[in-house]
Amino acid sequence: MSEKGLAQKVRETQVWKSIFRHGPPDNARNRASVVAGNVFLHLHPIKLKKSGVQLGYTWCMGGLTFFIFLALTVTGLLLMFYYRPTAEYAYNDIIALKEHVPLGIMREIHRWGAHAMVITVWLHMFRVFMTGSYKPPREFNWGIGVILLVLTLLLSFTGYLLPWDQLAIWAITVGSNMAKATPFMGHGGPGAALAQIGDFVMVSDKNDVRFQLLAGRFVGEPALLRFYILHCVFIPLVVGVLIAIHFWRVRKDGGISAPL
Amino acid sequence: MRELINWLAEPIRSFPIFTFLFFMMMRYYKVVGTKKFGYWGLAISIPVVAWFCADPNFLAIILWPDNIPINIIIIMLTFLTWLSLYKCAENDKRIEAGECPIEALPENREKVWAWPNLVYTELFVIIATTIFLVVWAIIFKAPLEEPANVTWAPNPAKAPWYFLGLQEMLVYFDPWMAGVVLPGVIVVGLIAIPFIDTNPKGNGYYTFAERPLAITSFLFGWLVLWIYLIIVGTFLRGPNWTFYGPFEYWDFHKVVADYNVNLSEYVWIKILNVPMPKNLVLREIFGIIGTVAYLTVLPFLSLKTKIGKELYAKSGTIRYYIFVFLFIIMMSLPIKMVLRWLINLKYIVALPEWELNL
Ligand code: HEM
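So the sequences go chain by chain: A and B. Okay, so the first sequence: first residue is 1 according to our numbering, each after it adds one. Okay, so the second sequence: first residue is 1001 according to our numbering, each after it adds one.
Same shape as in the complex, but just chain B (with noise of 0.2 angstroms):
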């Protein structure tokens, strides 16, 4: 049992069997979002987790008190990701049956007096917080390790949790992709998101079936690719950022066999079977005309879908390609994960010359 969890937890499998359980969960979200779903959710997973707990390599790498904010974080994030489909459920009901979203009720209208009633709600939530942090701060310590030393790196060397999902990006791009272009899509696609949704529903209230596509994109990428990037950074990586399962060991002397191969000798070497051109633009050339393609043909492509047809005419030519070409940035990254497991491809462009791979 337990080797057969270290193998589905490699990538190459939990990858797609959390995207295949994210999309059952936004395709069932009704069926998710009843408190039955909850009570059993929760009920399954306590002896889950007690029996993942009692494995001495799991406890050790859950406990590392700088891991705590992580455990913290999945507990709050799968209850406040069934909260949230609970009352989108609970709302889409109600919009199908003709009547109003709950918060639009006029009980919830009404207007209340700050104090007592958000004054006496805020000074519960800071005590309790407050308690919370004191009792994390008498059990855990926080660490410190040996004094710095230049000369000496530990391994793994691990960046803080949060920034684990850019770290895990590094084993599918290169840092200038993984370390600043991608982050830096991400906040300026954060900051775009309410100028490119000009969907006037759902503001204000829980509701999925009025902003499906808006739930679902922003869910894949905060869920799957951000959340799911930083469980596996932190909980399945050790040193030389090699995999290894929940109930491993970390033991230095796992060696993997490294045999990613760039597009570019695929195509000469592989498959036209000549050597490789020495002028580096020609020697790239697929790799270019493939990424350039893949920016500028696939937003023509998508205009020929349903979905594409109907968001065109609803935002326009501008709106439209910042999203298209935000989405597609967004999945280039399980696009390379998929090539690397596929055909263990390593670079789509690879001319390090200018450092410059992709």
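Here chain A stands alone, though its shape is the one from the complex (with noise of 0.2 angstroms):
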């Protein structure tokens, strides 16, 4: 007993081997069993081309994405202990939250990541373009991508709105008066003024694409319950959803693209 290492005797207890069913990951039969058997590394296969694991090929890039879209998923959380989006409460709320949290860097933590985000997901875009790995028979996952991309900065632009202050809501002003330029379904779009029969207009201030996506004709309080459900609930899920789609994907597909 006494030449086993401390770790070894933390290995043979029993509460160890109740979370980890396998020896050292020193051998084939544990280095498969380890990944096969953890429900996060699984998203891995347990063997891969050599091309594929190195960082001069992937860059990174997609891993990188999704673990700063968990990293975002985490520090969101804890804001949204100290958020109120109402037009009374959120900028105090985001104030309070620099003043009275004590090593408070979960918002600057929450909004680079953001950026940050944005700016991963284009350069792994680029890279999987490069590498040509949108070809048969990865076409899918690259569709898949490109919304997630969207996805992405929509997510951004989004929580922009959230701090209440003026950089918030006037970049969501400029962003969302494109809106109502949208040919046919906003008030000031080509095509728009068509839709009229008789003294009754179809497309107005009133419905169009712009007051659907603010609750209202300018950036007010509707907008930012609106905004701040679409941040914090509806994308994410969304976004979840088809990051999963996609990873499943680039295993049925053969793995992370190699010469064929």
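These are computed hints drawn from the structure, not numbers from a lab. Among these hints, one or two may not hold up.
Said to hold, decoys possible - Computed footprint of chain A on chain B; a stretch qualifies when at least three of its residues, placed anywhere within it, have a C-beta under 8 angstroms from a C-beta of chain A:
no. : stretch
1   : 1076-1083
2   : 1169-1179
3   : 1182-1193
No residue lacks a Cβ here, since even glycine has one placed at the ideal position from N, Cα and C.
Combine both chains into one complex, guided by the hints.
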């Protein structure tokens, strides 16, 4: 007994064995079990082509995007404890976050992380393009990826409003004014004037796409609530589901691309 | 010197320069994609960047917290563009010599265990990123301005940086194009890429020589149009969306004469010397014909070229038309930019009565 190291002793306890059902990953069988038996690690194949694990090939940008997405979920959850999405409280809650929460860098991590995720998702697409990985059989996964990219931008965009400061509402005003100009569906867009029967205007500033987006004719409190729910619940859920599909398909399409 | 750079940075000059450099980079990617070029580039750019940063106006805008991400993406993109060209050049030399790409070498095809090979790399990347984010969060506080005030708009009111390419397009196009149609075409076009590009080569390894058209057109849209416009929109646009050079102070008083003219005014008044017709369609008829011709005649004309013929033979009618359509929609932006600079053209089709300005 006494010759065994501490690590070995820990490994033999019932507690350890109840969590990890395999020995140390130093032989083939255990290396397979450690990946297959762990819910997080089993996203990986047990074995994969060497070209696919090289940083120079994948730049690890997809994996990094996923990690930042998780980090944003956690920090965002923490922020939700302090933040109320109303015109009365929102701004003051952000100030309180800065002044009353000890060691408060959660807001910083969340904000810069959001920017970082936009960067990594773009660079991931750039890499996938440069290695021609969108070619068959991965066309579908490329399409899922493009939608993920759009949703990432929308996540960032909806979050931008929440601090409820000048930067926020005017950036969203600039952005949502574009929706006003949607052909046929925005009241300031081409074709909207055609949708008129007699005196009855079908597309007006009270029912066009911008109105649906902002729940109003300008960026006001209803828009704040709408963006809050989109940002904290709706889009993250959709992104989560699409990431699951994306990862599943990476595996089903034969793993990271490599020469045929 | 600073005056000169301010002068050069104006889009009318910097866009052609940037485009020219881009095509030189694609043409001579084998020179760019060498370690020697990389080291020289690094050695030269460090003092240049340091010199830029010595200027307080430049430093202020670079260090504005919400602009840090753009600095990061510019640095990473410069490196990764070089890296991918390096890998393309390496593989293309091998393929020319009749060898396989590096990714296809037996030692790279060999299967390795995910634990430890992949898992440890990921762990390293995760730790590095975490440290990076924490340091970033400690140095730069998240900005918080005055409380929201619907009655007072800041000037300039800018969208978040990743949308500034679109906001910059507003200089050349109306919101329905810059904010709705073009982004929509970009998204649909991206999803369509795998179905248009039927070239089976270059799947799973870096290569330029086997897919020059695909890479050049994608990178043109990505680097020259998207990234360049973001840089302009972020760093070079001040109050009232007026141009300010990188070393210029945003002083609010810069007045820029704006005397842009519509195509219809050009033709009827300046060339034909008659008053503008009352009928809207007749008034804009030249622009309408031009636009329709641009969308329908160009695809046929392009079939006469060598590239067009080859592509058509390979991809068939539908794919070919979709490719050309997406391509000319993309090119409508630089074309409109150049027309604006050359003849101060405002709208090709100006139908404000129908909110339809092109
Ligand atoms: C939230 C966004 C995204 C996440 C979390 C994500 C994650 C990943 C991961 C982890 C991989 C494995 C390989 C790697 O790390 O490079 C991957 C592969 C892939 N991704 Fe994404 N991705 C995202 C967005 C995108 C986008 C925007 C595109 C393209 C438009 C895309 C297209 C692909 C394709 C085609 C593959 C297979 C690559 C190959 O086999 O070489 N993904 N993705």
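Are there three or more residues in the stretch 1182-1193 of chain B whose C-beta lies within less than 8 angstroms of some C-beta in chain A?
This one holds; 4 residues, not fewer than the three required, reach chain A with a Cβ under 8 angstroms.
8 angstroms C-beta criterion, at least three residues: is the stretch 1076-1083 of chain B covered by chain A
holds (count 4)
Using a Cβ cutoff of 8 angstroms, are there at least 3 residues of the stretch 1169-1179 of chain B near chain A, or does the coverage claim fail?
holds (count 5)
Checked against the numbered hints above, the structure breaks none of them.
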